[in-house]
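One line per chain: the protein sequences are B and V, in this order. Going by the numbering used here, the first sequence opens with residue 1, and the numbers climb by one from there. Going by the numbering used here, the second sequence opens with residue 1001, and the numbers climb by one from there.
The hints are simulated quantities; they were obtained by calculation from the structure and are not laboratory data. Please note that the accuracy of each hint is not assured.
As the list claims (entries may be wrong) - Calculated lysine to any residue pairs in the SDA-like style (CA-CA distance at most 20 Å, straight line):
1) B:Lys-97 with V:Ile-1133
2) B:Lys-97 with V:Asn-1055
3) B:Lys-97 with V:Met-1142
4) B:Lys-97 with V:Leu-1215
5) B:Lys-291 with B:Glu-251
6) B:Lys-291 with B:Glu-249
7) B:Lys-97 with V:Gly-1126
8) B:Lys-291 with B:Thr-307
9) B:Lys-97 with V:Trp-1134
10) B:Lys-291 with B:Leu-302
11) B:Lys-97 with V:Leu-1135
12) B:Lys-97 with V:Leu-1127
13) B:Lys-291 with B:Thr-260
14) B:Lys-291 with B:Ala-234
15) B:Lys-291 with B:Phe-254
16) B:Lys-97 with V:Arg-1129
17) B:Lys-97 with V:Ser-1128
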Amino acid sequence: MSVALSARSLVCTRGRGRRRFELRVDALDLNAGEVLVLLGPNGAGKSTLLRALAGLDDGVRRGAITGGEGPVTLVFQRPTALSGTVEGNVRAALLGKGVPEPERSERVRRALLRFDIEPLADHDARTLSGGELRRLALARAFVLDPEVLLLDEPFDDLDAEGQRRLSLDLQEAIAETGVAVAMVTHDLRRALLLADRIAVLSNGRLAQHGARDDVLLHPDTPEIARIVGMINVAEGRVVRRTDDVTWIEIEAGFEVPTATPLETGERAWVGIRPEHLKLDVGRGDGEPIGKASVESLVSDGLASVVTLRVDERRFTTHLLSGRGLARRLRAGDRVALAVHPDQVHARPLR
Amino acid sequence: MGAEWQAGPVAEITLRTLWVCGAALVLALSVGVPIGIVLGTRRFFSRALVISSVNAGMGAPPVVVGLVGAILLARSGPFGDWNLLYTPWAMILTSTAIALPLVIGLTLAAVGSLDEEWDLQVRTLGLSRPWRIWLLVREIRMGLLAAVIAALGGILSEVGAVNMVGGNIAGETRVLTTAIMMHTSMGEFEIALDLASVLVGLMLSIALVLTWLQLSGRAR
């Protein structure tokens, strides 16, 4: 796979004194045709990195960004509409690019159609809704036939239906054009739908990056685990080992099995994704690990988020709303927990 | 009231007024708009000082500008060799100096009213600098129109400064405002009123055209 954009020894700084922020990225590649999702807490440096990759001066910068022979374009979190019509806005991106008519009109029409805003072509761009404006910004980016597309929170401020439709259109556009995409988003669910690779930023550093499932299932630190949605994180000590399974005690009498080989007596942390923590209803679904009490159960209509308590420690699991256990479960109920050892991520504590 | 209305001199004074005002406006816009854009889009050391000077200039008394102009252009002044004092060019330069802070200040305000990330967002479309500036000017055109109206108002209504550097010489540097002032001081109110109505007519016609442009621009 060829590299579309590559950052080496990148240093971006902004602010001064106590408000000084520094972003350091030793090496990050964006491959042609892939979607790289940048995750991290607020202030981690995601947007700064995106702007640096776009070649926009954002503070003092050292290091090099190479590649991007074709257009590299960035769609901002709050896109701006130029005065004039929607079509005029998309057309403006081709100013001075030497694209002759009728090719220019055809490209503009295709971009408008791709993001479903062709019926709004003659509308004043400044009267568009937030969702329409985002579609306009994407059409304005895609009309350039970019080699690299950088997206800053593309689903921000959209309702659920708007997010769903935009992510489908975006997915289709990425697949059809083969553009390399780097995307900043807080919406982990959308990110997982689109991502081929994930890069996690924390405190201005690239904490971990790699193939999507690798980062999701094997985060390097408890902090990264929480960022990528592995929110059940606990520390403990290895108490016993069998051939395939290592048992880690995280509370007195509460042991968790993992397929990761660790030394007995070693201190370790474990991470379990909510969807991998099972409520054991006697189906032999994983290794039983003990009992917990239901603290709360919140549903968004599709999924129920169940918060469980084992002594002072909280765990979270997800159930499909309105089905079986999710319908019967009440706060205060006692439930048995189970996990598959190969779905429990563990690392020695350093 | 010994003097009588004469169409020839009035037409000549009116044309000179239009020439002096037009040239000063063009000069103030050509210099002021780029400076306003640079001040609005670039961050550099001493930017705040420059902006403060512009703001101060917007409120500077025109008569002081005229005094400085007269000192600079006087035979003994630094630009005395140019022999500009008491010529229409002295009036144009002084009027430009009066209008310049207004043009810079209102251009700066127009650029400042754009989204903070406007420039970055346009840069990310890969447009060359001339095209970005073209888009920016198009974007702030209503603000620029306000700058034109303010500058023209300042230039057309100014009398003290142009009188100081122009001298109100008949057939050479007499314009509507200085002529009105002269006839009023001579007690020739009828002629002064006639000239004043020409001046007001001019201002109204220009204001009408600019307002029409402004309103049609807003509708687009």
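Results of checking the hints against the structure:
Distance restraint check for Lys-97 of chain B and Ile-1133 of chain V: the Cα-Cα separation of roughly 15 Å lies within the 20 Å cut-off, and the hinted pair is therefore satisfied. Taking the CA atoms of Lys-97 of chain B and Asn-1055 of chain V, the gap is near 39 Å; set against the 20 Å cutoff, the hint is violated. Between Lys-97 of chain B and Met-1142 of chain V the alpha-carbon distance is near 27 Å, which puts this suggested pair outside the 20 Å criterion. A distance of roughly 32 Å separates the Cα atoms of Lys-97 of chain B and Leu-1215 of chain V; the hinted pair therefore is violated under the 20 Å criterion.
Between Lys-291 of chain B and Glu-251 of chain B, the direct Cα distance comes to roughly 12 Å. Compliance with the 20 Å bound is thereby established for this hinted pair. Between Lys-291 of chain B and Glu-249 of chain B, the direct Cα distance comes to roughly 14 Å. Compliance with the 20 Å bound is thereby established for this hinted pair. At roughly 9 Å between alpha-carbon atoms, Lys-97 of chain B and Gly-1126 of chain V fall within 20 Å of each other, so this suggested pair holds. Straight-line distance between C-alpha atoms of Lys-291 of chain B and Thr-307 of chain B comes to about 13 Å, which keeps the hinted pair within the 20 Å bound.
Proposed proximity of Lys-97 of chain B and Trp-1134 of chain V is supported: the alpha carbons are some 14 Å apart, at most 20 Å. A threshold of 20 Å between alpha carbons decides the hint, and for Lys-291 of chain B with Leu-302 of chain B the separation of about 26 Å lies outside it, so the pair is violated. Between Lys-97 of chain B and Leu-1135 of chain V the CA atoms are separated by roughly 15 Å; this keeps the pair inside 20 Å, and the hint holds. Using a Cα cut-off of 20 Å, the hinted pair Lys-97 of chain B and Leu-1127 of chain V holds, with the two alpha carbons roughly 8 Å apart.
Restraint check for Lys-291 of chain B and Thr-260 of chain B: the C-alpha separation of about 23 Å exceeds 20 Å, so the hint is violated. Between the alpha carbons of Lys-291 of chain B and Ala-234 of chain B the distance comes to roughly 16 Å, so the proposed pair stays at or under 20 Å and holds. A threshold of 20 Å between alpha carbons decides the hint, and for Lys-291 of chain B with Phe-254 of chain B the separation of about 9 Å falls inside it, so the pair holds. As the CA atoms of Lys-97 of chain B and Arg-1129 of chain V are separated by approximately 12 Å, the hinted pair is consistent with the 20 Å bound.
For the proposed pair Lys-97 of chain B and Ser-1128 of chain V, the alpha carbon gap of about 9 Å is at most 20 Å, so the pair holds.
This entry does not satisfy hints 2, 3, 4, 10, 13, going by the numbered hints stated previously.
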